[in-house]
Amino acid sequence: MSGGIYSKPIAFAITATVVILIGTSVTMFYPMMTVQMHPKLDSLKPFTALELAGRDIYQREGCVNCHTQTVRPLKTEVMRYGEYSKAGEFAYDRPFLWGSKRTGPDLARIGAKYPDAWHVKHFLSPQSMFPQSNMPAYAFLKDARLDPEAVEAHMKALGFPYSPGEIQALKEKTDMDALVAYMQVIGAAVKKTAAPAVAAGVIKETHIPNPLANDQKAIARGAELYAKECASCHGPDAKGDIGPSLVDDEFFYIKGDLPDDDYFEVINNGTSEGSVEDGRTARGGMPGYKDSLKKDDIWSIVAFLRSKKAE
Amino acid sequence: MNDYQYDNQTVTGFIVSSIFWGVVGILLGLLISVQMWRPEFNFQPLFTFGRLRAVHTNGLAFGLGVGAIFGLSYYILMRLAKRPLLFPRLARVQLYLFNIGITLAAVTLLMGYTQSLEYAELEWPIDIAIVVLWVMFAVNVFGTVIKRREEQMYISLWYIIATVIAVAVLYIVNNLSIPAGLFKSYHLFAGVNSANVQWWYGHNAVGFVFTTPILAMFYYFLPKSTGIPIYSHRLSIIAFWSLVFAYLWTGAHHLVYTPLPDWIQTLGIVFTIFLIAPSWGSVVNGYYTVGSDWSKMNTNYLTKFFIMGITFYGLQTVQGPTQGLRIVSQLIHYTDWVPGHVHMGTMGWVTMTTAASIYYVIPKIYDTEIYSEKVANIHFWLVLIGQLIFSVTMWITGIQQGALWKAVNPDGSLKYTFVETLIKNYPFWQVRTLGGIIFTAGMLFFIYNIYMTMRRGKTPEMAKA
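Taken in sequence, the protein lines are chains A and B.
Residue numbering for the first sequence follows my numbering, starting at -2 and increasing by one per position.
Residue numbering for the second sequence follows my numbering, starting at 26 and increasing by one per position.
Take these hints with a grain of salt, some might be off.
To be verified - Using 20 Å as the maximum straight-line C-alpha spacing, the simulated SDA-like pairs for lysine to any residue come out as follows: (1) A/LYS153 x A/ILE164; (2) A/LYS291 x B/ASN434; (3) A/LYS98 x B/LYS329; (4) A/LYS168 x A/GLN124; (5) A/LYS72 x B/GLY437; (6) B/LYS449 x A/GLN124; (7) A/LYS98 x B/GLU445; (8) A/LYS83 x B/THR291; (9) B/LYS329 x B/SER317; (10) B/LYS172 x B/ARG114; (11) A/LYS291 x B/GLY437; (12) A/LYS98 x B/PHE453; (13) A/LYS83 x A/ASP39; (14) A/LYS5 x B/THR291; (15) B/LYS440 x A/ASN265.
Honestly, the hints are just simulated from the structure, not real lab data.
Put together the whole structure using the sequences plus the hints.
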């Protein structure tokens, strides 16, 4: 193979460029020109100034190195995190923050899953809620004030709508407030799938009692699960912390107990703002455990709570 | 008869700089590996995992990797063109700018200035500096090649030219952004499109930083060290063109099961499988070259570095395509398998081959012999063992993680909470740190050997060719 383009560097370079651009054009430039690469859900809203400031902090701290923001359409993944990610959810994401590694859990459905106070407590000290977590603490965020001018410049660069008052209000806000606001809006464009209640109607009419009521083994198991799953929000003695007390005979802001199967349903399905349980309206904030706890486990927690209440 | 001179000082300057940044990057790698299982080793706000990881990857890809690529490419270029660099002063300025650039890169990343695009984290002012650096490199490469005194361009020059072109296209396109402040910008591309552009870039950064320039070294220094010519010129032609053609189609294998349109994912997977062929073209060429005299593995201490390096390249380019398959991706994607894969390529292939090339170059420039082959052998075995401990441990962890995330109880509910799956990684992450320590020790032997060789040789000048 003498001569040819192997002795003509310019011809060689041009050929190499063309060869490189073929795959580039088909898989990258061409799709960019088509509508399928620019989908947007009607329910998707641009970030507010506070949310964008939070997203900037999420970028700055490199959260994307340990947390993904895309739920794959795989059965167990949807069970663990929630509805799989849709192309139209990310139209305002510059850049996308899907990530490539789950050292920590996926965050695509973290929005509105927990109350703000949960996030604050967790950022201050992840180990206070999950003792064996390897997430660094981000307590310094609560002492850092936002820079409204910088945030305004960012909103302008992205062309997101904002009001002067909104920028003004940022003066009072910390990095922590912003990051929490961002956490709460992630995935908000996709409606949470209504939990397929465990034959809700049937249960309601008949009010199934706890099959494990007063079972000492179940109570012990419930105590163990409570310490692991519930104590970080409802307190070690169930007397309330981020979440309400579970032993004060008040449920959803109304005095009086609930039947066993309503306990079950709240733990199983979680609550969202405006959801109704036995005629009482919830304000949301309780995640559902139907995919991570077995039915017997949930009944065990109910048994434990009953025993705790009786104390 | 030769009245021209090689600019050895610039070559040495790049090599020494690259080793310096390599040490920084590797030590940070050790620190973040400890942070994975001891969160109290995060020091807010500058030295948290989230910020340090980018300093680790950029420091090694751009500091160690690109620094060595600049230096060794210039070394190869001058010899294959049989002339000095066309613009030796420009190359010297490039060396200074390179070190300033990497310093600024490290500082800004620690301060949290990041575009959040993997391997394209640096913010726009530094991107501009990098483009300037690359143009300087391109001007010298093309200028010197055009004014060469040797009719034929050898294989290594093809790979260097392809590197110059591809990296320019990739880097410029993916870093297009909307500036929103001195150190803040937003990707010009949004959502799904942003993801597609980023991984077209991300995967090809691997292709044209960790593959083609390293192959240029391999094709030049393997025959030089062993004295055996490359087995098949024809095979190297086929491997070259099919490699540079196929690479650019494959980025979407990083986005399997994401909302990216399925056809782009599938096309990416198909070309990823195809990529085994050109990759193994070079592997086979390397094996058959040394195959004519395997005793070189014993008699020439560098041969085993190159053969082990190309072996890991071969394993890497089979493992990678396997990971791209949907059935495998759904289990190991997002797990520690992936860092295990990456580090086989970087610690096994890139560092092994680059170190061997430096072992060849430094004694030549300093007009001496290598300080100690024994130290080089200790270096070889330590980096090999360290890398294997690292990679194998991470593959096991990855499979475990993937399986635990999927595990369900007989009633269909998930068997493990996320934290339960996390804590099972800790012992593996500890072993990974151990592997890293062994690898680092090996690199220290390498640096000592190079330092002692330099000390006992002559100071590099514009050596007569």
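Here is what the structure says about each hint:
1. A/LYS153 x A/ILE164: Since the Cα atoms of A/LYS153 and A/ILE164 sit roughly 12 Å apart, the hinted pair holds (cutoff 20 Å).
2. A/LYS291 x B/ASN434: holds (8 Å)
3. A/LYS98 x B/LYS329: violated (34 Å)
4. A/LYS168 x A/GLN124: Answer violated: A/LYS168 to A/GLN124 is near 30 Å, above 20 Å.
5. A/LYS72 x B/GLY437: holds (10 Å)
6. B/LYS449 x A/GLN124: holds (17 Å)
7. A/LYS98 x B/GLU445: holds (17 Å)
8. A/LYS83 x B/THR291: holds (18 Å)
9. B/LYS329 x B/SER317: holds (15 Å)
10. B/LYS172 x B/ARG114: holds (17 Å)
11. A/LYS291 x B/GLY437: Distance ~8 Å between A/LYS291 and B/GLY437 Cα, so the pair holds.
12. A/LYS98 x B/PHE453: holds (16 Å)
13. A/LYS83 x A/ASP39: Distance of about 12 Å is within 20 Å: holds.
14. A/LYS5 x B/THR291: violated (37 Å)
15. B/LYS440 x A/ASN265: Holds, at about 15 Å.
Hints 3, 4 and 14, counting from the list given before, are not met by this structure.
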